Amino acid sequence: MTPDSWEQWHEQRVETVSAPCGPLALTATHWIEDYPEGRLPDISGVWMAEEDRVVLTATEADGLSVDGRPFPGAAALAADTGPQAGARVAPGGKRLVVLVREGVRGTPTRPAHTEPGDPRRARRARRARRPV
Numbered sequence: 040m041t042p043d044s045w046e047q048w049h050e051q052r053v054e055t056v057s058a059p060c061g062p063l064a065l066t067a068t069h070w071i072e073d074y075p076e077g078r079l080p081d082i083s084g085v086w087m088a089e090e091d092r093v094v095l096t097a098t099e100a101d102g103l104s105v106d107g108r109p110f111p112g113a114a115a116l117a118a119d120t121g122p123q124a125g126a127r128v129a130p131g132g133k134r135l136v137v138l139v140r141e142g143v144r145g146t147p148t149r150p151a152h153t154e155p156g157d158p159r160r161a162r163r164a165r166r167a168r169r170p171v
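For the sequence shown, the numbering used here gives the first residue as 40, with consecutive numbering after it.
The hints are all genuine.
Taking lysine to any residue and the SDA-like style, the derived pairs with C-alpha atoms no more than 25 Å apart in a straight line are:
1) Lys133 with Tyr74
2) Lys133 with Arg92
3) Lys133 with Thr55
4) Lys133 with Pro109
5) Lys133 with Ala67
6) Lys133 with Ser83
If you anchor each label on the Cβ, the simulated ranges turn out as follows:
7) Asp73 with Gly121: 17 to 27 Å
8) Pro42 with Glu141: 39 to 49 Å
9) Gly125 with Asp91: 15 to 25 Å
10) Glu89 with Gly125: 18 to 28 Å
In short, the hints are calculated from the structure, not lab data. Since we're looking at a predicted model, the values are computed, not measured. Note that beta-carbon positions come from the ideal geometry of N, C-alpha and C, so glycine has one too.
Working from the sequences, and respecting the hints, build out all of it.
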């Protein structure tokens with residue numbers, strides 16, 4: 040890897056991880072089995088683990104959409120395997136990923152205000168030295 044290609048890779052990596060839905064925006068992961076009543080902190084709807092899936096029950100007032108449509112009712116959700124942009128559940132403009140780790144189901148959460156220009160995004164990553 041040349042110094043110039045490393046510099047390009049590094050700039051792209053910083054942009055990716057500090058994106059509004061990037062790994063650095065993660066504030067919590069709520070494990071569904073830890074909430075037997077199905078109410079996850081700061082997430083609308085009722086989330087219940089059933090066998091190999093998660094069942095989400097929501098009302099219109101919860102403001103969730105599933106597969107791009109407003110969602111009142113119940114839906115069985117498998118673990119999301121692709122990028123966050125492909126997650127089926129969305130409250131407003133963000134996506135909620137259903138994940139499984141060691142057989143336990145959960146969903147990671149991010150702050151509601153991680154738009155470009157938000158002051159919380161203004162922190163810059165410390166500049167790494169490029170290889171010589």
